[in-house]
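Enquirer: Sequence:
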Amino acid sequence: DEAGRGPLAGPVVSACVILPKELLIEGVDDSKKLSPAKREYFFDIIMEKALAVGFGIIDHNRIDKVNIYQATIESMEQAVKACSQAPDYLLLDAMRLNNIKIPQLSLIGGDGKSQSIAAASITAKVTRDRIMEGFAKIYPEYGFEKHKGYGTEEHVEAIRKHGLSPVHRQSFLKKIL
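Note that this note's numbering has the sequence shown beginning at 1, numbered continuously upward.
Treat the hints with care, since some could be wrong.
In silico DSBU-like cross-links for lysine-lysine, where the CA-CA straight-line distance does not exceed 30 Å [stated by the list, open to error]: (1) LYS33 x LYS146; (2) LYS137 x LYS32; (3) LYS65 x LYS175; (4) LYS113 x LYS49; (5) LYS175 x LYS137.
Treat the hints as calculated values from the structure; they're not laboratory data.
Use the sequences and the hints to build the structure in full.
Expert: Written as structure tokens, this is what we have:
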């Protein structure tokens, strides 16, 4: 699964998580349904219990060059290839990876139906949030630590006041500027 398709700044991050078949982590759900504290809590458990985890990160420049859909596909492909153990089967949240020759099933709303997709959702979101918190230290005037690059009123006002940071997605900001 991926995190960061909609923000005005930062990367799109995907995760591929392989969990033991018998493992049940009570409370794991779609990352959007969990508080930041719960996501951090489950992130640590998932990273400890997973058989393998891989991440794919596509930066704002590539997103601007190819579009967010293609960048998301690329980040998911990177995540699968980055796994230390090759998956036997892929469960994807409403996506298809045509360049990955592994049997796969695309589930609409998959992060609410599959523990593996939910785990990937959580690990991708926490990883992306941490990246944005790092950018907040470099570009404090934008408040990335609060909104993680999403188009909140506060974020849009910061863009109008300070202009674009080097990590903003220019293709997402044509209507604002």
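Enquirer: For each hint, tell me whether it holds in the structure or not.
Expert: Verification of the supplied hints:
Taking the CA atoms of LYS33 and LYS146, the gap is near 17 Å; set against the 30 Å cutoff, the hint holds. About 24 Å separates the Cα atoms of LYS137 and LYS32, which keeps this hinted pair within 30 Å; it holds. In summary, the hint linking LYS65 to LYS175 is supported, as the alpha carbons are separated by about 18 Å, within the 30 Å threshold. Proposed proximity of LYS113 and LYS49 is supported: the alpha carbons are some 20 Å apart, at most 30 Å.
For the suggested pair LYS175 and LYS137, the alpha carbons sit about 27 Å apart, so the restraint of at most 30 Å is met.
Consistency note: the structure conflicts with none of the earlier hints.
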